[in-house]
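So the protein sequences, as listed, match chains A and B.
This note's numbering numbers the first residue of the first sequence as 1 and each following residue consecutively.
This note's numbering numbers the first residue of the second sequence as 1001 and each following residue consecutively.
Misleading hints may appear alongside valid ones.
Stated by the list, open to error - Straight line, CA to CA, 20 Å or less: simulated SDA-like cross-link-like pairs of lysine to any residue:
#1 Lys650/A <-> Arg675/A
#2 Lys1192/B <-> Asp454/A
#3 Lys1188/B <-> Pro337/A
#4 Lys304/A <-> Lys1188/B
#5 Lys1188/B <-> Glu403/A
#6 Lys711/A <-> Gln744/A
Unchecked claim - To list a few chain B residues with every Cβ distance to chain A over 12 Å, as calculated:
#7 Val1009
#8 Glu1038
#9 Val1063
#10 Asn1064
#11 Glu1070
#12 Ile1077
#13 Asp1078
#14 Pro1109
#15 Gly1119
#16 Tyr1131
#17 Leu1146
#18 Glu1202
#19 Leu1207
#20 His1249
#21 Thr1265
Hint data in this document are derived by calculation from the structure and do not stem from the laboratory.
Here a beta-carbon is modelled for each residue, glycine too, at the ideal position from N, C-alpha and C.
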Amino acid sequence: MPMNQSIRCLTILVIDESLVIDLVNKSLTYFGHSVVAFNNINNALNAFKANPLIFDVVIVDQKYSEIVKSLFYPNDDLDARILLKNIFGVIHETPFLIWGDTIDSTELIFSQETAIYLLNKNYNALKTIGNWLNIIAQENHSISAVDKENEGEVYQLIYASKAIEDLSENDLISILTGARQSNQSTHITGTLIYHRGFFLQIIEGDKASITALFYSQIANDRRHYNVTIFHEGYALKREFPNWQMGFYGTSGNESYSLLGLTDFKKHPAGQFFRRYLTQIQKHFLHFELDDFDYLPCLILITDKNGIILKVNSELLILIGKERDDVEGKSINELFPPAGRIFLQTYVWTMLCHQGNVNEIHLKLTGQHNTRIPVILNCKRGVFEGVESYFWVFVVSVERDKFEVEILESQRRTESLLKTIFHISPNGYLLIDDNQRILFANDMIAQLIECSLEDLYFLSSGDEFWKHLACYSQKDLSIPQKIGETRYFELLKPRLIKLVCSMQSIVLSNGKVLGNLFYFNDITKEEESNRIKAEFLTHASHELRTPLASIHGYSELLEHGMISIESQPSVVHIIYEQSTWLIAMVDELLDLHRIETRSGHGFEKNNYFFNELIHETLAEFSVPKERQAVILSTFQDLTGIELYVDKIKFKQVIHAIIDNAYKYSPNGGNVSLYTRINTASNALEIEITDEGLGVAESDIPLIFERFFRVDKSGNIPGIGLGLTIAKEIMFFLNGEIDFNSIPNQGSRVVVRFYL
Amino acid sequence: MDVIKRNNVCIQGDGDSILLYAHGFGCSQAMWNRITPEFNASHKQILFDYVGSGQSDLSAFSVNRYSSLEGYAQDVIDICDALNLQENVTFVGHSVSCSIGLIASLLCPRLFNQFILIGASPCFINVPPDYMGGFEREDLIDLLALMDQNYLGWANYLAPIVAGEPQGGAISGELSNSFCSTDPLVAKVFAKATFFADNREEFSRVLKPCLILQNSHDSLAPVRIGEYMHQQLKNSQLTIFDIAGHCAHMTHPELVIEAMKNYVTL
């Protein structure tokens, strides 16, 4: 039989009663087909056998099948209609169609070839045959006819005239709606819908039962073409081995199901049908489908090994897979690798143990390897008598986005707070009413010498206090009330003095988040207070000593109690003591000035170093009975210039030399070496003495203000000389190093970077 | 530190031979409760939770220690020392615990006589071209993200500062009765240690007898991994159950019991 794509006219053999032949002749020839008609089966068969190849289609009335049987196969048990089919359809490969009064709705048969011609290649032929069918049907009352004037018929024309690909979902909905309206509410018999090569004709149907025809096709491949009627599907499955898809159901109150069956899965019509089934159901069929097929969630049933027994259509549609690709496979295959691990290590173990899991976040693998966030609830149960698991997923794209956003924002806040609190030298510890540690910063972790992460694993706030107590010699008294303050002294890793106070954190909704313990490290503050107090004692003593002698001598003078001869020496003492006082007050003012002016106001100029150092030494008044500073240099420094404030430079050197003399009360040399340190590109002045030296523990404190090595008070000074020298050197782009060995002497290096 | 309390060590059954059970990632010793009743008459059975899992003492958790499988192996060694286990000990491990047990044995060779390895894998990551553990690094990063969302995790993230409601957090009190009670931070540390580990070299050094139980359809530890281990573990035998999933001892305890019985009474 010719199978070209173009629409062509058919040569049709019709065998029926005269009345029918007339009707068929009229309608088919109207469309250009040539009709060869017989009302006598013998004549018809002779004509067919003489030249079977000229007939494109054979249409036979059902009743002739019996005649054929009695004429040609009187002893054969075969069904008469099958015999007829054998003659026309199978043996000679000519499409044929049987129609007749004995036919019932479940037995309508088309051969594949016929259907292809009728439904695909030649719409006009279809229409003609359709009309013809309707007429016959009306006469036979076996199916309801679609009136030509009926809306359903009108729609049918519209769809067929549209390019198949142009038909949208909305079109379909309007078709369905129209079809329903045209069929008087629930009775929907006889409507034909054609879309994308797929036909659905409802032959009988109401809310309770339906019998439908599905015609489907794939162009250019006749082998895939099937036409099947499904009515309570399983029975028909036996009769039509090529069946692909259909409804099944029973009468009464039971619901209907749509079954996607084996061969249909790759079929475009099948895919179309699935996609639009919801619409068909809604607008057209008006009955409920299977228990869970179209619930708005994804449903799976697996056996206890995770092999999928049943899956609902929503899930298949979402992940873009066919039922056969999913059923019988492991549930693992629905998930990306991470989901599989989570399923195996967490979900399954929970399921095995407690039989259910709730609100598990997972991601399914969608089409094109996308990830679809879902929330899972799963429960153990029995399906078809076997221990199974029921899995329900709800798609959670929006919720997922929301959660991710919140998580991100939480992380941002966390990082921000962490950074801020990390910088803080003070400790923050938040403990809730259940003694849980909700927050702590690094300082808190350092207090008990653990990492911040591990701190969170301490089971309770009590545990933290216990750890902390290990560092204290005394029992810790923890603040119990809001605003209460406690003083802690911890001994390791170093001496730490803390003031701990407590505040409640109350949220905007009035709930108490917990108690915040604030640890203020006052170690440094305490130390500086101590030094200050020492200074005050010392300074007042230092100031008082000269003042006392000035006051005393001047009083004596006033009262004329000093002899004339002694007066010059007394006046000299007063002068010396007041000079000393002025020097001390100057030092104090100096420090203040340098600190506050931040180096501004220094008058820097270039000075030849050799001249500068000689001038500096010349201006220094060497204490009585002490040898002058021994100056030596190993390099010729002629021409080397320093860019400094001359007065400040001298002040630094004088302060150091002064110390060198003062702290070697038993004598010894004070030496000054000058050199260029090529490694650091600096000019170095090294001043050494052979005096008392400084204990190792005091060396780090040597530049602290008011710090004095001499605790006895025998050596004059207020502990500012080196502090000032160091401050000055900072502004002169230099630095001071201090080294010392007790009872051997000290060595100070003043370094100017060139 | 009381190791018995720290690792929630439980002892049941009686016998000269000892079975020491080590649970896998994401679980606790409860996962063995379909196996142990069968051996109560014949064996002394020791169960425990790794620090951070089950009913262990969470305050003993240290990120540093438990960031590698050696830390968990140290738990196993600690338990053996605390109980003074000397001989006749069969180590029964599931999944990552198989690696942990073998590492413990390499660190402390006197510990175990033999091993029963259920669903083991020396390395979950693909190391092309020679070894395909089954997962890419990105997959495991996805896993950590999933764990963030689950494990009470995400609520927990919000707990301290924003939500103000006490959450699972550090002591997971509300969870103490649930099966896989796991602190989210602990779970992530364990997950990283488990899934980023590569213990192939260690496996190749093991000389003690091992029974490898692998499932025919296990996406975490597929049969090819079982065959690889069989080849690497010099003194091993391989049994493959024709079942799906990663937890044969929970889903098909009868198969595991039978294989174990055959092996320990050899």
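Consistency of the hints with the structure:
Proximity of lysine 650/A to arginine 675/A is assessed by CA-CA distance (about 18 Å); at most 20 Å being required, the pair is judged to hold. Restraint check for lysine 1192/B and aspartate 454/A: satisfied, since their Cα atoms lie roughly 17 Å apart, inside the 20 Å limit. A distance of roughly 17 Å separates the Cα atoms of lysine 1188/B and proline 337/A; the hinted pair therefore holds under the 20 Å criterion. The straight-line distance between the Cα atoms of lysine 304/A and lysine 1188/B is roughly 28 Å, outside the 20 Å bound, and the hint therefore fails.
For the suggested pair lysine 1188/B and glutamate 403/A, the alpha carbons sit about 19 Å apart, so the restraint of at most 20 Å is met. Taking the CA atoms of lysine 711/A and glutamine 744/A, the gap is about 19 Å. The hint holds against a cut of 20 Å. Under the 12 Å C-beta cut-off, the non-interface status given to valine 1009/B relative to chain A holds; the minimum distance is some 18 Å. With a least CB separation of 17 Å from chain A, glutamate 1038/B remains clear of the 12 Å interface cut-off, as annotated.
With a least beta-carbon separation of about 4 Å from chain A, valine 1063/B fails to lie farther than 12 Å from that chain, contradicting its non-interface assignment. Separation of asparagine 1064/B from chain A is inadequate, the least Cβ-Cβ distance of about 7 Å not exceeding the 12 Å criterion. Annotated as non-interface, glutamate 1070/B keeps its C-beta farther than 12 Å from every C-beta of chain A; the closest such distance is 17 Å. Every C-beta of chain A lies more than 12 Å from that of isoleucine 1077/B, the closest at about 21 Å, which supports listing it as non-interface.
At the 12 Å boundary, the C-beta of aspartate 1078/B stays outside the reach of chain A, the nearest C-beta of that chain being 17 Å off. Distance check on proline 1109/B: its Cβ is at least 30 Å (rounded) from any Cβ of chain A, clearing the 12 Å threshold; non-interface status holds. Annotated as non-interface, glycine 1119/B brings its C-beta within 12 Å of a C-beta of chain A; the closest such distance is 9 Å. With a closest Cβ-Cβ approach of about 16 Å to chain A, tyrosine 1131/B is found to remain outside the 12 Å limit, as its non-interface label requires.
Look at leucine 1146/B: its CB is around 5 Å from the nearest CB on chain A, not clear of 12 Å, so calling it non-interface is violated. With a minimum CB-CB distance of about 21 Å to chain A, glutamate 1202/B clears the 12 Å threshold, and the non-interface call stands. No Cβ of chain A approaches the Cβ of leucine 1207/B within 12 Å, the least distance being about 30 Å, so the stated non-interface status holds. Non-interface call for histidine 1249/B relative to chain A: violated, since the shortest CB-CB distance, roughly 9 Å, does not exceed 12 Å.
Chain A leaves threonine 1265/B outside its interface by the beta-carbon criterion, the shortest separation being 27 Å against a cut-off of 12 Å.
Hints 4, 9, 10, 15, 17 and 20 from the list above are not met by this structure, while the remaining hints are.
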